[in-house]
Amino acid sequence: MKSLISTFMLLSILSFAGITTAEPAASAVEIKTLATPSEPVVEAVAVVAEIAAPAAVPAPAANKGDTAWMIVATVLVILMVIPGLALFYGGMVRAKNMLSILMQVFVIFSLTAVLWAIYGYSVAFTEGGAFFGGFDKLFLKGITPDSLAATFSKGVYVPEYIYVAFQLTFSAITPALIIGAFAERVKFSAILLFTVIWFSFSYLPLAHMVWYWAGPDAYTDAAAAEKAGATAGFLFQKGALDFAGGTVVHINAGIAGLVGCLMIGKRIGFKKESLAPHSVTMTMIGASLLWVGWFGFNVGSNLEANGLAALVFVNTLLAAAAATLGWVFAEWLLRGKPSMLGGASGAVAGLVAITPACGWAGPMGAILLGLVAGVVCFWSVTSLKSKLGYDDSLDAFGVHGIGGILGALGTAVVASPALGGTGVWDYVSNSVADYNMTGQLISQSWGVIIAVVWSGVVSYVAYKFVDIVIGLRVTEEVEREGLDVSSHGETAYHL
Amino acid sequence: MKLITAIVKPFKLDDVREALSELGVSGVTVTEVKGFGRQKGHTELYRGAEYVVDFLPKAKIEVAVTDERADQAVAAISKAASTGKIGDGKIFVTALEQVIRIRTGETGDEAL
Numbered sequence: 001m002k003s004l005i006s007t008f009m010l011l012s013i014l015s016f017a018g019i020t021t022a023e024p025a026a027s028a029v030e031i032k033t034l035a036t037p038s039e040p041v042v043e044a045v046a047v048v049a050e051i052a053a054p055a056a057v058p059a060p061a062a063n064k065g066d067t068a069w070m071i072v073a074t075v076l077v078i079l080m081v082i083p084g085l086a087l088f089y090g091g092m093v094r095a096k097n098m099l100s101i102l103m104q105v106f107v108i109f110s111l112t113a114v115l116w117a118i119y120g121y122s123v124a125f126t127e128g129g130a131f132f133g134g135f136d137k138l139f140l141k142g143i144t145p146d147s148l149a150a151t152f153s154k155g156v157y158v159p160e161y162i163y164v165a166f167q168l169t170f171s172a173i174t175p176a177l178i179i180g181a182f183a184e185r186v187k188f189s190a191i192l193l194f195t196v197i198w199f200s201f202s203y204l205p206l207a208h209m210v211w212y213w214a215g216p217d218a219y220t221d222a223a224a225a226e227k228a229g230a231t232a233g234f235l236f237q238k239g240a241l242d243f244a245g246g247t248v249v250h251i252n253a254g255i256a257g258l259v260g261c262l263m264i265g266k267r268i269g270f271k272k273e274s275l276a277p278h279s280v281t282m283t284m285i286g287a288s289l290l291w292v293g294w295f296g297f298n299v300g301s302n303l304e305a306n307g308l309a310a311l312v313f314v315n316t317l318l319a320a321a322a323a324t325l326g327w328v329f330a331e332w333l334l335r336g337k338p339s340m341l342g343g344a345s346g347a348v349a350g351l352v353a354i355t356p357a358c359g360w361a362g363p364m365g366a367i368l369l370g371l372v373a374g375v376v377c378f379w380s381v382t383s384l385k386s387k388l389g390y391d392d393s394l395d396a397f398g399v400h401g402i403g404g405i406l407g408a409l410g411t412a413v414v415a416s417p418a419l420g421g422t423g424v425w426d427y428v429s430n431s432v433a434d435y436n437m438t439g440q441l442i443s444q445s446w447g448v449i450i451a452v453v454w455s456g457v458v459s460y461v462a463y464k465f466v467d468i469v470i471g472l473r474v475t476e477e478v479e480r481e482g483l484d485v486s487s488h489g490e491t492a493y494h495l
Numbered sequence: 001m002k003l004i005t006a007i008v009k010p011f012k013l014d015d016v017r018e019a020l021s022e023l024g025v026s027g028v029t030v031t032e033v034k035g036f037g038r039q040k041g042h043t044e045l046y047r048g049a050e051y052v053v054d055f056l057p058k059a060k061i062e063v064a065v066t067d068e069r070a071d072q073a074v075a076a077i078s079k080a081a082s083t084g085k086i087g088d089g090k091i092f093v094t095a096l097e098q099v100i101r102i103r104t105g106e107t108g109d110e111a112l
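Residue numbers (the working numbering), protein chains in the order written: chain Y, 1 to 495; chain A, 1 to 112.
Because the hints were derived from the structure by calculation, they are not lab data.
There are no misleading hints in this set.
Calculated cross-link-like contacts (lysine-lysine; reagent style DSS-like; alpha-carbon spacing at most 25 Å):
| no. | chain 1 | residue 1 | chain 2 | residue 2 |
| --- | --- | --- | --- | --- |
| 1 | Y | K187 | Y | K272 |
| 2 | Y | K337 | A | K40 |
| 3 | A | K90 | A | K9 |
| 4 | Y | K272 | Y | K337 |
| 5 | A | K40 | Y | K272 |
| 6 | Y | K385 | Y | K337 |
| 7 | A | K2 | A | K90 |
| 8 | A | K34 | Y | K272 |
| 9 | A | K79 | A | K34 |
| 10 | A | K34 | Y | K96 |
| 11 | Y | K464 | Y | K266 |
| 12 | Y | K271 | A | K40 |
| 13 | A | K85 | Y | K337 |
| 14 | Y | K387 | Y | K272 |
| 15 | A | K34 | Y | K271 |
If we strip away everything but chain Y, and leave its shape as in the complex, we get (with noise of 0.2 Å):
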């Protein structure tokens, strides 16, 4: 392969020698198309095929540095959950509720994984409804290590396996990231059966609308286009641009905390007692893995490792970096102190906002959405929750829902190749579209209202059928207590 692409390259110095010094215009149209990550290897793999055998087309496969990295990024995004995740929120409770967070968790990641493997992956990434995806891969039916999923370039793949373990991983910490906003508070079972519920008809259909695809190899010319797009979710064929969830993982999974905690009502104590994280330190842990962890999340999401994975990487190094400053200067200026909660805070709201725009803001574009999440979320924990009274315990709607909308909108600014984003791609015309801010942000507020009025609602029955069924909260008996002794008769810490 290595020389094969040193032939080619060879080749195509060549060819451009002799192009530049006949036709300067026709050289800068070449140079354009070798930008493009895939061409090269396509047309080596056309040029072999040519010389070895003429008749045989080679049979689609799995690119293996795109397979090697995709395995990588997926453990990133579990790294991300336990303990990245669990961590960042179990140092933000009370010692005699830690380890009902990790535990929390730990179980809602592996209830989800399951779930995911038995119809999860079907409903959202199958061809169905605009809405819901089919039963075709029930049970992962029919998916074998041949099995290939597109990529976002035309004819490279990935294995379907690594594709499903991916989008599982992404599938399993969203509803882990609702039960912050009512974290200490609520019982284990009625957590699970609502996991269940709102993964299936929460999770599951947003995937589907922002996601499905038929991939780029389908969009061969307009008419091709128009029959393949008409098949895509309801929020792609709107045009919503969601590079890695921050519509279909956070904006969904923070309206689900902000129903749950305005449902369930405010920790005893809430405003009286201190109700002070028991230890920063773990919240710093927690939010530095999943720092790391959201490399895997981002970078993983582009499918592929050329060159705009590694635009990705930047982006999501320089959001997280940015909302740190914006967040922890806005709280040195406001409040006097600039804290490490603060600061591990302003790290997550960066890595939230730029979650949709990674792959389409240019690095200074970056910069600026993190910049406006760390400050923005910082107001939206600070002020906004107490002036509207709920007890959000660990800020999952100020962090992620806040930080979500500013993302899903702001990638329709920081997107724009005038402002040194990378503009939208035209599969059709193989070369980056036209690009229209206006159009593009209607098209992110589709994304918006739609992830906000369907969270809002299914969330909203399924907090009502686990009250009924099962109680979502807790005893104040068993509050005080601590929900580690009294619901898993553990203690976190034996000093």
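Assemble the complex: chain Y is given as a structure, and chain A must be docked to it using the hints.
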């Protein structure tokens, strides 16, 4: 016999222990405690939620001494635990009726 109970700043604990050892005091009991006095508490801020921490951590030292040595011991603790700033703590001296060494059954001054 006297029981001296001293509440001191935690980081002064080692100095106090050394000062008492120099006097020949052969044992003390130390407890980590919380409380408030004139120093009062401080405020902590977590994501905008303000918590007033009323009780500050202190070290409580209990030491039993003979009547003759009580004044010296109090002076030693007082000197060792002093920073001159608010929150240095307090020393309480109470009369002690009886002391028994469990291993040997000795009582009174001999048990100290």
